[in-house]
Amino acid sequence: DTGVSQDPRHKITKRGQNVTFRCDPISEHNRLYWYRQTLGQGPEFLTYFQNEAQLEKSRLLSDRFSAERPKGSFSTLEIQRTEQGDSAMYLCASSPSRAGPGNEQFFGPGTRLTVL
Amino acid sequence: AQKVTQAQTEISVVEKEDVTLDCVYETRDTTYYLFWYKQPPSGELVFLIRRNSFDEQNEISGRYSWNFQKSTSSFNFTITASQVVDSAVYFCALSEVRGDTGRRALTFGSGTRLQVQP
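Residue numbers (this note's numbering), protein chains in the order written: chain A, 1 to 116; chain B, 1001 to 1118.
Keep in mind the hints are simulated off the structure, nothing from the lab. Fair warning: there could be bad hints in the mix.
Said to hold, decoys possible - Using 25 Å as the maximum straight-line C-alpha spacing, the simulated SDA-like pairs for lysine to any residue come out as follows: (1) Lys-57(A) <-> Gln-1008(B); (2) Lys-1038(B) <-> Ile-1060(B); (3) Lys-57(A) <-> Thr-1030(B); (4) Lys-1038(B) <-> Arg-31(A); (5) Lys-1038(B) <-> Arg-22(A); (6) Lys-57(A) <-> Asp-86(A); (7) Lys-1003(B) <-> Leu-61(A); (8) Lys-1070(B) <-> Gln-1006(B); (9) Lys-57(A) <-> Ser-1110(B); (10) Lys-1038(B) <-> Asn-103(A); (11) Lys-1003(B) <-> Met-89(A); (12) Lys-71(A) <-> Ser-87(A); (13) Lys-1038(B) <-> Leu-1048(B); (14) Lys-1038(B) <-> Gly-72(A); (15) Lys-1038(B) <-> Lys-71(A); (16) Lys-1003(B) <-> Thr-2(A); (17) Lys-1003(B) <-> Gly-1062(B); (18) Lys-11(A) <-> Pro-96(A); (19) Lys-1038(B) <-> Arg-1113(B); (20) Lys-1038(B) <-> Ala-53(A); (21) Lys-1016(B) <-> Lys-1070(B); (22) Lys-11(A) <-> Asn-1076(B); (23) Lys-71(A) <-> Gly-85(A).
Predicted, not measured: the structure shown is a model, and the values here were computed from it.
Turn these sequences into a full structure, and let the hints guide you.
Next comes the structure, spelled out in structure tokens:
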């Protein structure tokens, strides 16, 4: 399978715990994005990497959230001190390195987080 | 600020009917891209089409067609002869151009759930 993969697919945690999600983009893609999708809504942008550089963060990404892409390959998204409002589907996407924001983004299956 | 509106929350049709999904967008930029994505029950978003703001040529691809009208800021999507497998949530999205390392995030609408009944 050469698509975007995410792990885990489902995560149930108790309020206050920390969680970490992983995303493996398509191998030749240097751009990686994180989105959050709540029930009945479209995905909302969280953050964007070009190679290992985090170039943009949304205001949705509070200080409890941190994302890394240390070697420009896989990325992790960590949520500290989870709250019930963090319950959502966390989507990762990647796009190829050729120029232009018009490149389509390829999405992974998502990690569904439930905070009890 | 950019915004995408999909006023139709849910549409239900009977198989073989044609269905059009509406999308209206707002942007201050003159150069931008518009996308349609499909999210089937499995949950994974699937890219369908991309259009840039300079390309108003409408397109037909099999049972799918797109109508981009810059004058009304609309980018509508039509499925001809719908099938049960078309049942999914469809999202319209917008990406603005802001320099080489500028914002590349997609702004999505809230989606239209299409149910095709057999």
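Cross-check of the supplied hints:
For the hint pairing Lys-57(A) with Gln-1008(B), the CA-to-CA distance comes to about 30 Å; that exceeds 25 Å, so the pair is violated. At roughly 17 Å between alpha-carbon atoms, Lys-1038(B) and Ile-1060(B) fall within 25 Å of each other, so this suggested pair holds. Restraint check for Lys-57(A) and Thr-1030(B): satisfied, since their Cα atoms lie roughly 24 Å apart, inside the 25 Å limit. Between the alpha carbons of Lys-1038(B) and Arg-31(A) the distance comes to roughly 21 Å, so the proposed pair stays at or under 25 Å and holds.
In summary, the hint linking Lys-1038(B) to Arg-22(A) is supported, as the alpha carbons are separated by about 23 Å, within the 25 Å threshold. A threshold of 25 Å between alpha carbons decides the hint, and for Lys-57(A) with Asp-86(A) the separation of about 17 Å falls inside it, so the pair holds. Restraint check: the Cα-Cα separation between Lys-1003(B) and Leu-61(A) comes to about 19 Å, which is no more than 25 Å; the hinted pair holds. For the suggested pair Lys-1070(B) and Gln-1006(B), the alpha carbons sit about 16 Å apart, so the restraint of at most 25 Å is met.
A threshold of 25 Å between alpha carbons decides the hint, and for Lys-57(A) with Ser-1110(B) the separation of about 21 Å falls inside it, so the pair holds. Between Lys-1038(B) and Asn-103(A), the direct Cα distance comes to roughly 17 Å. Compliance with the 25 Å bound is thereby established for this hinted pair. About 21 Å separates the Cα atoms of Lys-1003(B) and Met-89(A), which keeps this hinted pair within 25 Å; it holds. A threshold of 25 Å between alpha carbons decides the hint, and for Lys-71(A) with Ser-87(A) the separation of about 28 Å lies outside it, so the pair is violated.
Between Lys-1038(B) and Leu-1048(B), the direct Cα distance comes to roughly 7 Å. Compliance with the 25 Å bound is thereby established for this hinted pair. Pair hint Lys-1038(B) plus Gly-72(A) does not hold up; C-alpha atoms about 28 Å apart against a cutoff of 25 Å. With a C-alpha separation of about 31 Å, the suggested pairing of Lys-1038(B) with Lys-71(A) is violated against the 25 Å cut-off. Our distance criterion of 25 Å between C-alpha atoms is broken by Lys-1003(B) and Thr-2(A), whose separation comes to about 32 Å.
For the hint linking Lys-1003(B) to Gly-1062(B), the alpha-carbon distance of about 29 Å lies beyond 25 Å, and the restraint is violated. A hinted pair counts as satisfied when its Cα atoms are at most 25 Å apart, and Lys-11(A) with Pro-96(A) does not qualify at roughly 29 Å. For a cut-off of 25 Å, the pair hint linking Lys-1038(B) to Arg-1113(B) stands: about 10 Å separates their Cα positions. Between the alpha carbons of Lys-1038(B) and Ala-53(A) the distance comes to roughly 29 Å, so the proposed pair goes past 25 Å and is violated.
With a C-alpha separation of about 30 Å, the suggested pair Lys-1016(B) and Lys-1070(B) falls outside the 25 Å cut-off, and the hint is violated. At most 25 Å may separate the alpha-carbon atoms for a hinted pair to count; Lys-11(A) and Asn-1076(B) exceed this at roughly 36 Å. A distance of roughly 31 Å separates the Cα atoms of Lys-71(A) and Gly-85(A); the hinted pair therefore is violated under the 25 Å criterion.
Against the hints set out earlier in the document, violations occur for numbers 1, 12, 14, 15, 16, 17, 18, 20, 21, 22 and 23.
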